[in-house]
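Colleague: Sequence:
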Amino acid sequence: MIIVASRPLTTSDNLLFEPLNELLAYAKRKPSQLLVLLGPFVDSEHPEIKKGTVDATFDEIFQVEVLTKPRFDIHIPDLEHQLTSLSNPGTFEANQVKVGCCTVDVLKHLSGEEMSKNPSGVPIDRMSRLASHLLRQRSFYPLYPPPESLPYDSSLAPKALQISSIPDILLLPSDMRKLPRLEYRETDVKSKSVWWFLDESMRLHNLSSLQKLCIKLGPRCPVDVDVVEWVAKAVDGSVLHKLKFRLLWESEPVTMPNSLYTCKTLTKLTLSYKILVDVPCLVYLPSLNRLDLQYVVYKDEDSHVRLLSGCPVLKYLDVLRDDDDDDHVMKFTVKVPSLLELTYATGVLSQRDGNDRSLVIDTPSLTYLDIFDYSGHSCSIEYMPRLTRAWMNASIHPGEKFLKSLSTIKYLTLTRLHTLVPWCNVVFSLLEECSLCPFRAGWCESLGVLLSNCPKLKVLMVDSTCEDHASVLWNQPRSVSECLSSHLEIFRWQGYAGRKYQKKVIRYILKNSKCLKKAEISLKSIGKLEEEQKKKMIEKLQSMYRVSTSILLAGPRF
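Per the UniProt record's numbering, the very first residue in the sequence shown carries number 1; after that it's consecutive.
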């Protein structure tokens, strides 16, 4: 790993080099092969130096704060090869990788002199284009004459600025103050928060071109930091398209600025954890097409409803709720005419007493629905004529309208199944692919009815990996369903344990599927199953009658 850092290595209010100390602490925690520091380490434009209150020379500041000399012999072996100083500009090699670097903001200077337009009209990465001028002209500073503020010796320039061979890596720090994307993530919850780095970045840069802002703060972020101000600056002073904000600090949830809810350019918004969704009466997000709400708290149900109603072109909605915490919404209503895909999930195995919450879905344009809800709360769904794919867990109790919306889907997945009975009350006239993930062994008792209600089924997949070991008496259907006799082409069973009912179901499907082209059975990992036992299970599967000898029965996986 290589770590590269450039100025400023100090904060704007002192010369204690706190950012540099934090960087070195990070490098110590995450050992890297190479650490590159680009100056100036002591900047003449620093506010404290410009005030004239600093009574030390630049060299003294550097020797005291940056490259402190040990006051005793610490016997560092081979120090000469561990620490290298370069001229500016300069080149060096590390593990046969050639690196060129220059601390002068040559990219900013070039941008002021360049006139460029791509004939095809397709935008080009401006930074890459500016850097290419250096490589084509083989010079670290291809402009002449240079600005008066630049320390430039014309007698030394031809040789000092020459790029004799093209480097593999070119390090050109720039303060062009155009920041299209800013991402700050704290991934290690045990490490000290370096929120000040984000604060300084937003203070030093012109945010007028900021398009994406991603902020993920961990539990060690100080609770007195004004995190809301960062969002306000990004929204008010830029053309922000994407915003992701996750806050895991120990303090109370924070309220986003009102300007966020009227941002005309925002297309994607993600709010996570310690966020209080307090939506003003005037909310309008005309460009927002994707919204992710992950474990947030709502001021009230009205705020939740206003937020969704203020998104006229919303297409994708992802909601995660913690059912053990009160997020102030009892009736979660999703009424968005433009919505195409909805994912709704609550915490697994809720400990709350009573079924006092409900989910209401009114989305006539919806094509994909994913509900992961083990709370047992009521669910009301209006007719969705365009729905083609659904992923449901067994805690959902489908009503008449719900089943009517599912009647025309093509792809259905049912997870943690206890029983198939509720899902046998409708004919899935267009269903082509069905995946079943049983949790209770009794699910198979209604399998025959379900298959008879899926006349065009082509793919059937069963995953019994998490199934319990209750005894089941499975009776073979008296008649063969239309899907087996005319349509089923692919059959997969994962987590096969050799149980009696499993053998009967598989034998029945293989025997009656006249159009079957491929069958795959994978064994469940059952402790220290002897190789001889595995071999017998495989032999029994291979010996099962198949309506056609051309059916490919894939070897079981372990």
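Keep in mind that the hints were calculated from the coordinates and are not lab data.
Take the hints with a grain of salt, since some may be wrong.
Below, computed lysine-lysine pairings styled on DSBU-like, alpha-carbon distance capped at 35 Å [as the list claims (entries may be wrong)]:
(1) Lys524 to Lys536
(2) Lys299 to Lys335
(3) Lys335 to Lys244
(4) Lys28 to Lys242
(5) Lys517 to Lys535
(6) Lys456 to Lys410
(7) Lys458 to Lys503
(8) Lys315 to Lys456
(9) Lys410 to Lys540
Bear in mind the structure is a predicted one, so any value in this text is a computation, not a measurement.
Colleague: If you check each hint against the structure, which ones fail?
Modeller: none
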